[in-house]
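> Listed here are the chains, written in short residue letters.
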Amino acid sequence: QLDASLPLSQRSSDDSNMKASTWSRVPMAPADPILGVAVAYTMDPDPRKVNLGIGAYRNEQGKPIVLKCVREAEKKIAMDETMMKEYLPIQGLDSFLKVTSQVIFGNDSPALRDERVAVVQSLSGTGALRIAGEFIAGAKPGALVYISDPSWGNHHQIFQRSGLKTRTYRYLTPTMGLDIGGMLQDLAAAPKGSVFVLHTVAHNPTGVDPTQAQWKQIADVCQEREAIIVFDTAYQGYASGDLNKDAWSVRYFANERNMELMVTQSYSKNFGLYGERIGALNIMCSDKATAVKVQSQLKAVVRPMYSNPQLHGARLVSAVLSDRALTALWEEELTMMSNQITAMRQALVDALAAIRCPPPNSKFSSWKHITDQIGMFAYTGLSVKQCELLTAKHHIYCTKNGRFSMAGVNPGNVKYIAEAMKDAVSNSAKL
Amino acid sequence: RGAGAPRDKNEKPYLLPSVKEAEKRIVESGWNGVQQKEYAGITGIKEFCDASVKFAYGADSPALKENRLISAQVLSGTGGGRIAFEFYARFLGKGVPVYMPDPTWANHLPMAKDAGLSLQTYRYYDKNTYGLDFTGMCEDIKAAKDGSIFMLHACAHNPTGVDPTIEQWKEISALLKKKNHIVFLDMAYQGFASGDADKDAAALRMLVADGHDVMLAQSFAKNFGLYGERVGCLSMVGSTTEEAQRLLSQLKILIRPMYSNPPIHGARIVATVLDDPVLNKQWYAECKGMADRIIEMRTALKDGLAKEGSTRNWDHVVDQIGMFCFSGMTPEQVEKLKTEYHIYMTKNGRISMAGITTKNVGYLAHAMHAVTK
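In the order they appear, the protein sequences are chains Y and A.
The first sequence begins at 940 in my numbering and counts up by one.
The second sequence begins at 76 in my numbering and counts up by one.
The shape of chain Y in the complex, shown without the other chains (with noise of 0.2 Å):
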């Protein structure tokens, strides 16, 4: 991290031919490291590259798609002449807040019942998670913001952009299996009263997933630390294809438990939205009095930042949420998606055993993690090393952490990544 306090540069009056800029001092930042990919794929020239980097779904002809429950509510709302510019409120679209607290909560969810749960509209994910951060550090400030480790790349900066400290809490097995262990030894040994970010569903970038024991585990480390919950939703529905089974965890905290905590929504990738930046913070308040406040302060954050957020994604999630039929067809299209990344979990480890290929590292025995693991990533354990040769020497672009969205797999690339992975493994020893 860069140091704030630089000194301004000491132009005097007659230096008009050295030109020293103010900025003379600013270095050049490093390329994010998730959206880098992207840029660098976007430049390659080469006819056979594919793009595991970013996770946006691709049909099977590896082309991006727009959901047809969208294209209908896109269509409506531009014949709509009713339909104005008009700035939303700081808190978003009526109708879109309605719908998006039950889509998480659930329908019969006691607290939306009671009215218990504050919630703005974001600008997906990361907006969501973002004011979330303003607003725990207004609140708490001081408070350690535990985040798992692997977790998404751009968790950390986002609290400590928030004016928050970050920590991490072990996550996963050298194997890729949930250390559970671990993870509530961590949790335990945080202070009382620190921030806990969950992944709600379809971990990122693991794939791995507690049980619903494992839930409940950490639901009472939870309670005993008093921990503020925050909940980072980005694939419900998206990893087994049914909305609700998606919730399970967020809905025995919210609804079983009664906890008081936070969730994080995206429509992002269930909806195909990415671009629109469409999401939702909601907090779940013990009563109706503070989630009153708690919305007033989340509007404080909100309005400074940008003001109000923008109608037209919100506009189409409302639009297919408040249609029955519409409704219906997004399920039918999210189950669509999450069979069709299941599939190609499938025939990446399929094609990777018709040529054995070895596992990444001496760690593993097979390569039945990737079918093990849930959502749109594949963990595939591969190194730092081997990710930069299969970028390098076959044009297959992924994160280095060797993450892969499945969704960039298809019928017509899957050989041609086994072969490459093949070579990467095999070749990692001269490395």
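Calculated from the structure, these hints are not laboratory results.
All C-beta atoms, glycine included, are put in the ideal place defined by N, C-alpha and C.
A few of these clues could be false.
As the list claims (entries may be wrong) - Label pairs and their computed distance ranges (CB to CB):
(1) Y:P1130 <-> A:K217: 36 to 42 Å
(2) Y:P1049 <-> A:P406: 41 to 47 Å
(3) A:A277 <-> Y:S963: 28 to 34 Å
(4) Y:S963 <-> A:D125: 22 to 28 Å
Following the hints, put chain A in place on chain Y, whose structure we already have.
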């Protein structure tokens, strides 16, 4: 009439036809012929950024020609300003002051604070003349420590509608240069102020030509009527191409942990309008139409007040520029307007001109005269 959203002469909000047409094309044919809603990248839609800076700086800007200008799509003027302030806090030091005109848009203050800057003001509005306190402004620019951040409203100052003349801008520019002050411009009304987008950008362009490495937050909320779609562009002029790239890389570092990448829809609309010669021309005329209507209403209001028999000087209603009229009415008078006449404006007496129509201007004049006589 508090917040400013466009109304037609029947007080109905409306979409500019050029904007509506552009949106229709995008919904029907997708983006560059493909239906997709992919992430736009941290700095947003490239065509939008390119069109925005051309629109603001002019195609022949030295900064553009010399490849010293970088830009990023942001969430309207607020989003641009917030990122700008975060940039300053990061590279000039947390807690350094940003000098803002007194008064300024209310939201500027928490934007700067939340970004980690402290606040200072420079004299701007002269209560006695309802115009610019140019002497006070210049004194305060001189008195500030060398290298201070100065935020200026590029045109149609909010809330006063009072802008420096071009001659005054020249002096301001020279003073800023002498003090090596860092110039941040907020431009929310290009095209909407005078009806001429190039004229409204004259101060910005002059500052750039004078060698200031400005940072600019552009909003397309008002001039394109895209309010709720949150379309804006943040740009920076560097001293060299290489420096501009370093600046861009650092803007990305600030954007990524805030919202990763900006929303595509509104930016696609603006790019479509600006890049299509026919739509572009159509938009210019529509925007000018909006600006002209406001200027008409200013005249109508001033005439209306005279007709009511007001003996006060209401010249400023016509002299001020842009969406707002800083009427000079007191909070008590504003309160009376609300309770007795059901006319709503902010406590500082700021009237949103967009809320005034031929149907209600007479009533407004009557009420204003009644509370101020």
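> All hints, please: hold or fail.
Here is how each hint holds up against the structure:
In this structure, Y:P1130 and A:K217 break the distance hint of 36 to 42 Å, their C-beta atoms being roughly 51 Å apart. In this structure the hint that Y:P1049 and A:P406 lie 41 to 47 Å apart at CB holds, the actual value being about 45 Å. The hinted window of 28 to 34 Å between A:A277 and Y:S963 holds, with their beta carbons roughly 29 Å apart. Under the hint 22 to 28 Å, the C-beta atoms of Y:S963 and A:D125, about 26 Å apart, fit the expected range.
Comparing the model with each numbered hint stated earlier shows that hint 1 is the single one that does not hold.
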